[in-house]
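Chemist: Work out the full structure: start from the sequences and follow the hints.
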Amino acid sequence: MTIQSTQALLSIKDLSVEFTTDAGTVTAVDRLSFAVNPGQTVGLVGESGSGKSVTALSILGLIPQPPGKITAGQIEFNGTDLLSLPERQLRKIRGNDISMVFQEPMTSLNPVFRVGYQIAEVLRLHKKMSKKQALKRTVELMDWVGIPEPQRRARSYPHELSGGQKQRVMIAMAIACEPKLLICDEPTTALDVTIQQQVLELLQRLQREMDMSMLFITHDLAVIADLADEVVVMYRSQKVEQASTENMFRHPQHPYSKGLMACRPQLHDNPRRLLTVADFMAADGQELSPTAEQQAPQVKVDKSSHPVLLEVKQLKTYFPIKSGFFGRIKSHVKAVDDVSFTVKKGETLGLVGESGCGKTTLGRTVLNLQAATAGSVFYDGIDVFAQTPTAMRHLRSRMQIIFQDPYASLNPRMSVGQTIIEPLCIHQPQLNKQQRWEQAAALLQQVGLNPDQLNRYPHEFSGGQRQRIAIARALAVKPEFIVCDESVSALDVSVQAQVLNLLLDLQQQHDLTYIFISHDLSVVNFIADRVGVMNQGKIVELNSAEEIYRNPQNPYTQKLLDAIPKGEPKSI
Amino acid sequence: MKLKLGAGLLLVIALVVLIGPMFAAFDAETIHWDDMAVAPDAVYWMGTDVMGRDLFIRTLQGGRVSLMVGLLATMVSVFIGVSYGMLAGYMGASTDAIMMRTVDVLYALPFLFLVILLMAFFGQQLWLLFAAIGGYLWLDMARIVRGQTMALKAQEFVEAAHAIGQQKRAILVKHILPNLRGVVIVYATLTVPQVIMIESFLSFLGLGVQEPMTSWGALVNEGADNMDLAPWSLWFPALFLCLTLVGFNSVGDGLRDRWDPSMQKSK
Amino acid sequence: MMRLLVTRLLWGIPVLWLILTLTFFLLRAAPGGPFDQERELSPELTALIAEKYQLDQPLLAQYSSYLTATIQGDLGPSFQYSDYSVNQLIALGLPVSLKLGLYALCLALVLGVLLGMVAALYANKWPDLVAMLLAVIGISTPNFVIAPLLIVALAVNLGWLPVGGWSGGQWHYMVLPVLTLSLPYVAAIARLVRAGLLEVLNQPYIRTARAKGLSSFGVVFKHALRPALMPVVSYLGPAAVGLLTGSVVIEQIFGIPGLGRYFVQGALNRDYTLVLGVVLVIGLMMLLFNLLVDVLYRWLDPRVGRATNNRALS
Chain A
1 MTIQSTQALL SIKDLSVEFT TDAGTVTAVD RLSFAVNPGQ TVGLVGESGS GKSVTALSIL
61 GLIPQPPGKI TAGQIEFNGT DLLSLPERQL RKIRGNDISM VFQEPMTSLN PVFRVGYQIA
121 EVLRLHKKMS KKQALKRTVE LMDWVGIPEP QRRARSYPHE LSGGQKQRVM IAMAIACEPK
181 LLICDEPTTA LDVTIQQQVL ELLQRLQREM DMSMLFITHD LAVIADLADE VVVMYRSQKV
241 EQASTENMFR HPQHPYSKGL MACRPQLHDN PRRLLTVADF MAADGQELSP TAEQQAPQVK
301 VDKSSHPVLL EVKQLKTYFP IKSGFFGRIK SHVKAVDDVS FTVKKGETLG LVGESGCGKT
361 TLGRTVLNLQ AATAGSVFYD GIDVFAQTPT AMRHLRSRMQ IIFQDPYASL NPRMSVGQTI
421 IEPLCIHQPQ LNKQQRWEQA AALLQQVGLN PDQLNRYPHE FSGGQRQRIA IARALAVKPE
481 FIVCDESVSA LDVSVQAQVL NLLLDLQQQH DLTYIFISHD LSVVNFIADR VGVMNQGKIV
541 ELNSAEEIYR NPQNPYTQKL LDAIPKGEPK SI
Chain B
1001 MKLKLGAGLL LVIALVVLIG PMFAAFDAET IHWDDMAVAP DAVYWMGTDV MGRDLFIRTL
1061 QGGRVSLMVG LLATMVSVFI GVSYGMLAGY MGASTDAIMM RTVDVLYALP FLFLVILLMA
1121 FFGQQLWLLF AAIGGYLWLD MARIVRGQTM ALKAQEFVEA AHAIGQQKRA ILVKHILPNL
1181 RGVVIVYATL TVPQVIMIES FLSFLGLGVQ EPMTSWGALV NEGADNMDLA PWSLWFPALF
1241 LCLTLVGFNS VGDGLRDRWD PSMQKSK
Chain C
2001 MMRLLVTRLL WGIPVLWLIL TLTFFLLRAA PGGPFDQERE LSPELTALIA EKYQLDQPLL
2061 AQYSSYLTAT IQGDLGPSFQ YSDYSVNQLI ALGLPVSLKL GLYALCLALV LGVLLGMVAA
2121 LYANKWPDLV AMLLAVIGIS TPNFVIAPLL IVALAVNLGW LPVGGWSGGQ WHYMVLPVLT
2181 LSLPYVAAIA RLVRAGLLEV LNQPYIRTAR AKGLSSFGVV FKHALRPALM PVVSYLGPAA
2241 VGLLTGSVVI EQIFGIPGLG RYFVQGALNR DYTLVLGVVL VIGLMMLLFN LLVDVLYRWL
2301 DPRVGRATNN RALS
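Chains as they are written, first to last, in our numbering: chain A, 1 to 572; chain B, 1001 to 1267; chain C, 2001 to 2314.
Treat the hints with care, as some may be off.
[Unchecked claim] Negatives, chain A to chain C, calculated, CB over 10 Å: (1) GLY163; (2) LYS478; (3) ASN554.
[Unchecked claim] Label pairs and their computed distance ranges (CB to CB): (4) C:VAL2163 to B:ALA1131: 34 to 40 Å; (5) C:VAL2163 to B:GLU1211: 25 to 31 Å; (6) B:TRP1127 to A:SER162: 55 to 61 Å; (7) B:TRP1127 to A:THR25: 56 to 62 Å; (8) C:LEU2129 to A:ASN455: 39 to 45 Å; (9) C:PRO2238 to A:PRO412: 57 to 63 Å.
None of these hints come from the bench; they were simulated from the model. It should be emphasised that the depicted structure is a prediction, and the values quoted were computed from it without experimental measurement. Cβ atoms here follow ideal geometry from the backbone N, Cα and C, with glycine treated the same way.
Modeler: Right, here's the structure in full:
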């Protein structure tokens, strides 16, 4: 432990925070201690619910009280204890000496004020600038954080800016008073990967130029690898490990840290299955070590000789933009714009691209869940768009989809059993009630859930478990082909690894064919045989996963690859 | 707490209105010539009006009418509103546009004024009263249900039902309707007091329920006219009316706090 | 914005036509006529009256001539007040009703917003509970119950204010009607403000404002209040309609010579032209007010407007 409280800018000692809920008292932060030295960047890493954001909010006294309560500990900033400071004094520190950048740039700016006004407000508050001075400084700040045409943009409302620009505005607001400490709470999680890279570079540059300290909170170890000097890992409200970034990445000590390092797919050297936290740590916290078999490298089989299962020809899906009184169609959003490809039986085709590139629409159009504007889709030689409604329903038993949001993809008013039985009732009406329930129980077991839970409702399950239920529902009709639409994006990394492993196992057992849609190139690289890169409705490059990674042809692919955090600690 | 208090209040009122008349000593229309405008006493529990009729039985019978109109008209508006809103929301596209534009136009009509005309011209028949009120209040329900249906339709579980080959009608019945239940019950509960309010408003203007039948609104009207002679003929019907409205509003609010998804996200 | 105004006004024309046509045929379909009186009139007199008011012509001819006259701004002679044209009666009644309604609306806004803010800032503490109890009672008490109560208390017993009448709109004649008319809306607005403020105070941008170092006062008044008032602005449309309707009862109780009284009198006496005229004016007021509310909404919330063109009416 290297807490040198005499020279630390921020030092947290034995901090405990509790929340009172209907179900009782929950400890969100449990005896946490760490320090941030001047000019240093500390990364605070943990999965959702580990207490990292609560820690950040406690520093600025922004915990909603009640239900929250700081039950013990000290937070010292520059020698003063922030927890015992009266609100008036604390307000002088907020936004001035310590400021914060939040996760959701979409909702963290007030929608009814111009962004320039919102930045200037901090300057007028703490630096007592006049309206004119503050506006002038605002434009300089916006220029500094890399917003083009700052003069004009200062007069924009938040909804007129892109997500990346909004986050830049938030950063400009945070650094306006040249704080000594900047707290970043998952500042890039909601952003596309290329934008994420730009924002990270910006933060790095600002820190260098302003010589401030930074507390960077994230669930993604790779993001802070070349940003942080020191990493604190939190697990279930407690600190489990603290080390220099170099040590943390090279020799993680705690089994949870080891698992966290291993479960994220890498662009190179992928294992056959992803290791998960459970491979390093038993449920009781005991340390395990993964077997050699679990660590065996991935060998991709060449499936180019397999028969074609799906053929997509010149597919177009346009959405009309209506306007005016009579809803005249003014123009179209070309969500899918002339796309052709084939998928071989038993293979996984990955589709990657940033938000709005049309990958989700493509997946839905292929399944005829979204009407196509032009083009055709042949499934096993059958023209999907030329089916009668009855024939289409029959065809649906052969092709399935697994969605992104584990909270929205299950009907909250149906029990797990009812959800899984519904497709059986449609496609296997010959089964009697008992046979259906037996099948549903078997399916739950297959996806790694306890069959006793058939009578429970979705809200009783965690995100990862719900995603398993959605998979069981898709499997119930015994499909040959499944579209996975961002199916692991909403999950924590360690859960994501478990679900990816499950999808791979199921593919082997049932000889499934996948289209795997994701924004995350490393996840796609792990699971897919071939990868298509989408940009603005078109597939700009389609090749084997290895070729895409080693030898990208299209400049856009190159840009995406460059933007992926490398997960390599910066050399000291 | 709101929910329990409101429900308790309604239960008490319903019991009094339903069972109370069995204990009444007098008939609602009997005129007691010697006992005009008598203050509440042991014989006339709520006093008599200026014509010498027993207010206890009149208030309770008026309550039956008010509550019946409230519940029936609400059922009319729920039935029309839910089917209309669900259809518009689920069909989407031009069907939705036409259906909702129609609702917009109907909204722009000064409806209560037309209801007043209707009641003034075609006599005060009870069926016309709740058809008119129910036919007006369904607009709100249709809008709410349509919005909710559209939100549900975009949910992934509805798409998943499409993807497993479920039929449209089954999706409406199995996936959308059960998830509308909360919203519909909440707004139906809040519609009842509106109906009672409108009914008593019309009765107050002399356009609602007619003699020999009576309702709380009509009684309040009579009471207000004779406030100087027999103030109790205003107090009791007004008290019952207000307590009933408080009850329904509290239950509706309580249910909304508990069920309405738009309220829950703010927690 | 210009576009919105033009489309909405164009939409108003068919709506007003629909209101007019519906009312016209409703009136004619009703049993009884404007000159059915206790004692029989001589056949000659009846014919004379029928000719004067064009009642002897076929229904469609009456309809088309009424429509033509209305477009030219002439609402015809009143059947009941034979010395007045409907235009004159409306010119007498409308300013009175408008004054009553607007004062009530302003009072409802001021009191409602204050009460709602107090409730939200002391959420679940006693000021909130008291305010919300008052609000439920306010919403649940029809104004024809409040009116006699206030009259007894303030006018009869204490004698502070006149029992009724208008007297050209002197302030002490207006206090009771305005107060009675506005109370239910005070309650409704207070509840909306409370709910809106509580929801907005949970938004991430309020956390941002606090992280900037703003005081609680600054957070509430600068950052939370404006977005929290949006539901109130959308409520203004229905509230105005409610006030117009409510004023029918209020004018009756306090004996105020406004549009509402003309309307009820006209309806009971089958004064065809007067009823049509009042309904038309009220329809027009509703359209204009809703338009005003929409313009206000767009001005207050910069997000609305560009994307949502498809709500031409509401």
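Chemist: Far enough from chain C: is every CB of that chain over 10 Å from the CB of GLY163 of chain A?
Modeler: Holds, since 14 Å exceeds 10 Å.
Chemist: Taking 57 to 63 Å as the stated bounds, is the beta-carbon spacing between PRO2238 of chain C and PRO412 of chain A within them?
Modeler: violated (31 Å)
Chemist: Is it true that the C-beta distance of TRP1127 of chain B to SER162 of chain A lies inside 55 to 61 Å, as the hint says?
Modeler: For TRP1127 of chain B and SER162 of chain A the Cβ distance comes to about 59 Å; the hint holds.
Chemist: Does the claim that ASN554 of chain A lies outside the interface with chain C hold up, using a Cβ gap greater than 10 Å?
Modeler: holds (33 Å)
Chemist: Within 25 to 31 Å: is that where the Cβ-Cβ distance between VAL2163 of chain C and GLU1211 of chain B falls?
Modeler: The hinted range 25 to 31 Å holds for VAL2163 of chain C and GLU1211 of chain B, with Cβ atoms some 28 Å apart.
Chemist: Does the claim that LYS478 of chain A lies outside the interface with chain C hold up, using a Cβ gap greater than 10 Å?
Modeler: At about 43 Å from chain C, LYS478 of chain A clears the 10 Å cut-off, so the statement holds.
Chemist: Per the hint of 34 to 40 Å, is the separation of the Cβ atoms of VAL2163 of chain C and ALA1131 of chain B within bounds?
Modeler: holds (38 Å)
Chemist: Go ahead and decide if the range 56 to 62 Å is satisfied by the Cβ distance of TRP1127 of chain B to THR25 of chain A.
Modeler: With Cβ atoms ~58 Å apart, the hint holds.
Chemist: With respect to the beta-carbon atoms only, verify the hint that LEU2129 of chain C and ASN455 of chain A lie 39 to 45 Å apart.
Modeler: holds (40 Å)
Taken one by one, the earlier hints fail for this structure only at number 9.
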